[in-house]
Amino acid sequence: MMKFLLMILFMIPLCFKQNMFWLVQMILFLMMFMFFNLTINIMNYCNLSYLFGCDMISFGLILLSIWICSLMIMASEKLYKYNYYINFFLLNIVFLLFMLYMTFSVMDLFMFYLFFEGSLIPVLLMIIGWGYQPERIQAGLYLLFYTLFVSLPLLMGIFYLFFEMNSMKIYFLKFYDLNFYLLYFSMILAFLVKMPMYFVHLWLPKAHVEAPVSGSMILAGVMLKLGGYGLLRVLIFLQSVSLKLNYFWVVISLVGGFYISLKCLCQVDMKSLIAYSSVAHMGLVISGIMTLNYWGYLGAYVLMIGHGLCSSGLFCLANINYERLFSRSLFINSGMMNFMPSLSLWWFLLLSAAMAAPPSMNLLGEISLINSLVSWSWLSMFMLMMISFFSAGYSLYLYSYTQHGKYNLNLYSFYTGVSREYLLLFLHWFPLNILIFKIDYFMIWF
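Quick note on numbering: the sequence shown equals residues -17 to -1, 1 to 429 in mature numbering (1 follows the signal peptide of the UniProt record, and there is no 0).
Hints may be right or wrong, so weigh each one.
[Claimed, not checked] Capping the alpha-carbon separation at 25 Å, the derived lysine-lysine pairs in DSS-like fashion look like this: (1) Lys(-1) / Lys(-15); (2) Lys(-15) / Lys61; (3) Lys157 / Lys227; (4) Lys(-15) / Lys152.
Simulated from the structure, these hints should not be mistaken for laboratory data.
Make a model of the complete structure from these sequences and hints.
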């Protein structure tokens, strides 16, 4: 693990040299393929050193982080073209990758807390520094205060664990079962806000709408998954309380997911619609984790990886349209099939993955989650039917509105797309649909 950490740190000087934009991106790709070959014992939690550890969930999420960070650079070619603070932009991405790598690989709960909260800083800088509109300051403050408001209880919970158990190592804490209600709430609220759960989700659409394409990609692709990762780690030693109280979060997530799916059908902003759809998907993930059974954990993990690739690709598509029309409105973006028929295929492929059509990973994730929740309580079947139906509904709504219909008569010149954009979309879609053939790796991680 240390060699990859040093590789990230040695990329920092490259960020300050001229014309190193594509080199940093290629090094990230190389690093990802090297990380693929990391031999780990996937049957249990590998204590690789006193500080670092890696099991299958860490492995998958670190891979996702490196993959999305390299694609962020590829999607932000416009910054390179206009030389808009690209050195600081690259530094920001490398620093963010360092934070995410540490968050997913540290064994110590306090270190996890530091990097979990520290990963907020580069995202905040990205929104405020490279966002499009003056409202980005408000969006940044929403993101900051929603996250920080619940981070103090998490810190107090971690210190309580240390004073009671004399240890903050995740590996040792899994042998305990702490029956303490206040600790339960203090430990999981920070992760529920980060997911985000319905009722504490208002920061997400604001942050997505105001963020540049790279900010939206990392927010949807990896930052939301930090909450799921944290829940999977802390619920192990809070099982007695979880069995009594988890139904509360399941009900909120399922009802909220249904309501948000309806809200998606009312949106007129492309990025806002994709952001709200993320809340609905994460509601399913929260519900699956809270059932505390095998299929729930498996479905949550698979859907987190699948949603990270799928929603990141959708934000890329929305940005490709925005770079040509300078508008996110569905009314102005209608009839795009007349101008960009080849891009219409990519809209269809990624939106079909978002509605969990085969052979995407989202299909396996949703089937596992439905299996888990219906076995937990048959009453959840009604909400699950509605969420699945309306996820197809808003995906088709977005596709038909942007691709079909009468095109905007104010358009007079257009270019259909460059190979960089098609490669970018392919690199989102390919792992999303090919990983379902190696699903045995997802099934043995805990």
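message: If you test the structure against every hint from before, which numbers come out violated?
response: Hint 2 alone not satisfied by this model.
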